[in-house]
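Single-letter residue listing:
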Amino acid sequence: MNPFTPKVRAVMRREFMQRVKTKWFLITTLGLPVLMVGMFVLVGLFIASSQDQEETVSVGVIDPTGRVADFLVEELLADSVLASRVAELDGATEQEVRAALGDSDYDHFFRLPEDVVDAPARDRGQARIFATNNVLPTTEADLRNGLRRALLRARLSESGLENVDAEQLLRTTPIGVVNVTDTGAGRSQDIFQAISFAIAFLFYMVLLIYGQMIIRSIIEEKASDIVEVMVSSLRPWELMLGKIIGVGAVGIAQIGVWALVLTVATVFGLGTAATSLAELGIDVTAFAIPWGTVGAVLAFLVLGYLLYAGMFAGAGATISNETDAQQVAFPVTMLIIVPFIAVQGVIGSPNAPWAVVMSIVPFFSPLVMPSRLLVTNVPLWQSALSLAMLAAFVLLAAWIAGRIYRVGVLMKGQRANLPEVIRWVRHG
Amino acid sequence: MSTPAIALRGIQKRFGKKTAVRDLDLVVPEGSIYGLIGPNGAGKTTSIRIMLDIIGPDSGTVEVFGSGDVESQRGRIGYLPEERGLYAKMTVIEHLIFFGQLRGMKRADARAEALRGLDEVGLTDRKEDKVEALSKGMAQKIQFLATILHKPDLLVLDEPFSGLDPLNVDLFKGMVLERQRQGATLLFSTHLIEDAERLCEYVCMIAGASKVLDGRIGEVKAAAGREEIAISYEGDGGFLDSPGLVDRVADHGQYVEVRLRPGGDPQELLRLAVERGTRISRFELVEPSLREIFIEKATEAGLSPEDVSEDDVIAA
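So the sequences go chain by chain: L and P. All the letters of the first sequence, read from the start, carry residue numbers 48 to 475 under the numbering used here. All the letters of the second sequence, read from the start, carry residue numbers -13 to 302 under the numbering used here.
Careful, some of the hints might be misleading.
[To be verified] Under 10 Å between C-beta atoms, here's a sample of chain L residues computed to sit facing chain P:
| no. | residue |
| --- | --- |
| 1 | Val58 |
| 2 | Arg61 |
| 3 | Ser279 |
| 4 | Ala438 |
[Stated by the list, open to error] No more than 25 Å apart at the CA atoms, straight line, and that leaves these computed lysine-lysine pairs for BS3-like:
| no. | chain 1 | residue 1 | chain 2 | residue 2 |
| --- | --- | --- | --- | --- |
| 5 | P | Lys75 | L | Lys68 |
| 6 | P | Lys122 | P | Lys75 |
| 7 | P | Lys116 | L | Lys70 |
[Claimed, not checked] One-sided and incomplete, this derived list gives chain P residues near chain L with beta-carbon spacing under 7 Å:
| no. | residue |
| --- | --- |
| 8 | Lys4 |
| 9 | Thr31 |
| 10 | Arg70 |
For the record, the hints were derived by calculation from the structure and aren't laboratory data. By construction, the Cβ of each residue, glycine as well, lies at the ideal position given by its N, Cα and C atoms.
This is chain L alone, in the form it adopts within the complex (with noise of 0.2 Å):
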């Protein structure tokens, strides 16, 4: 029997449509999206506007070897760091230099060690920073990458070897850990992790706030009366369904806004993010993830939403004022909260035995389970069992639920207690 029966749809209809119009659905659907792509820009405007006024730094090398020195003064201009020597300093104590400092025109003196070319195993001597005001972390990476490069071509020119191009030979090249799958196709870890996350943590949001909206509409029905002419009218399983399908569609919508903004929004800048990725050694096309792997993820998500709104809707039932709905919900929160927590670990070490057993045990797979699969190759058997599970539980939940609401939407007053709701649930 097909369960969307007109009546159900009308209740969808409503419950949709009354939250869509408000103030709340319009600023949280497009003011986030505005608020992230603001963000982008000021970011953006920000890092030009450094990079435009970006200040050269004066740096004095001080070497009392006087065989680096060149080469150091050399590789730190090649980076755009105003270096250069100041040899009347050698001899200099680090009290002398000090006190040089303020009187001079440079930002920073450099002082290498004695020792900075032979560097014994052992009690090596410092390169040290002289500085007034704060180093820049550029400034300091510029340095350390310079002495490298420089001591490099200073032991090789000692050796014999001249003009050589540290750089090249320093160059390694990027490591990416790949996945091989069943399908022989590689995988970036990194990547899916954090894809893994922000499901789980999306997912979990929409869990608590729609839940919250699942009990505040149910009470609303209770508190205005209007609850009785609804169950003379159609049979308390429809309007819960309709409720919950109806509560689920607008989260589906803003979602969908989301999406939507966040897919044009990569259209616009996909040139720029796609050779930024590249220069950092990561290929796009490695992201693709599996059809199959997507639809597991979805039917995982549909189905949790279903087993948790069922549960949000029977507490609901069981009370008739908002004060009361923090506390009825709070057990179904906790059910939400401990596999969202298990998330972050289960990132981490997807096969781990717990990891597999809250995959599959229903009221935790929802979350954990979408997690292993986009960070790990889950057996079938695994996946296949946690589905079944889950749909086992729905249809358990939406029973146990609609008939706590069958007898519950008609009570008013006092909080019914655990004993009373489950003479409703065996009773009806």
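Chain P: place on chain L using the hints.
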């Protein structure tokens, strides 16, 4: 006899330790105006909820239009519960269409009927307003329209006239009676027995979860047998204090209703009054009121005064 609109047999319903409905048999003939009367808390609302399959009975059977599956008859029923609300954030027209759809109407039909109904109650210009912006009287009109929008064959109204804007009472009575004249069955509950007495063909009286009596009003009164004497007088009322002749006296302020003992002669009572010099301005043999019959039957059935709850019954 045609299939009754509603037939209840042997209905029992308990909530925890409290019995809400005890062994109720009830038949509402099709096309009739049927009153369910009794004090608050007597079990009227529970009985109605059982008829409409909103809650299930512990035992007994329910048939609506001859069908044991009330669900299949939903579209033919219009129910206005005692506690009636509206969705505050919906517009008037959307609200009416929504309820039309819940009763099985198509959206377009529901819209057409809603517009017609709004025109009838004079709220056409408010159709795009949110419900929360309406006055109480207007909201009551919307609740009523939502109940009869789908032209139900059975109208079930729980305490329909209590708390109503006085201007609306006549409007709604007119609209409901119009439906009834077109063949619909009308069942309503009230704790105001006088309301039922004026409107109904049939009544069922409930007190303390049990049926006290039911039937056609005329038959109920005939079965009660003895007539009563309505007397208005000035001066000494001592003539009423004659235990051998007078069974009971109900004082209504402007007049008293007197029941004589079996075989008592009204003429004898009149003679006693005249002897005492009491001025009699009215001395009329009347049928007993439904209220009198109700109280008597409830007392006979051994119900305590709380069960009959005089306050509710008398308050008119």
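Hints numbered earlier in the text: which of these fail when held up against the supplied structure? 4, 8, 9
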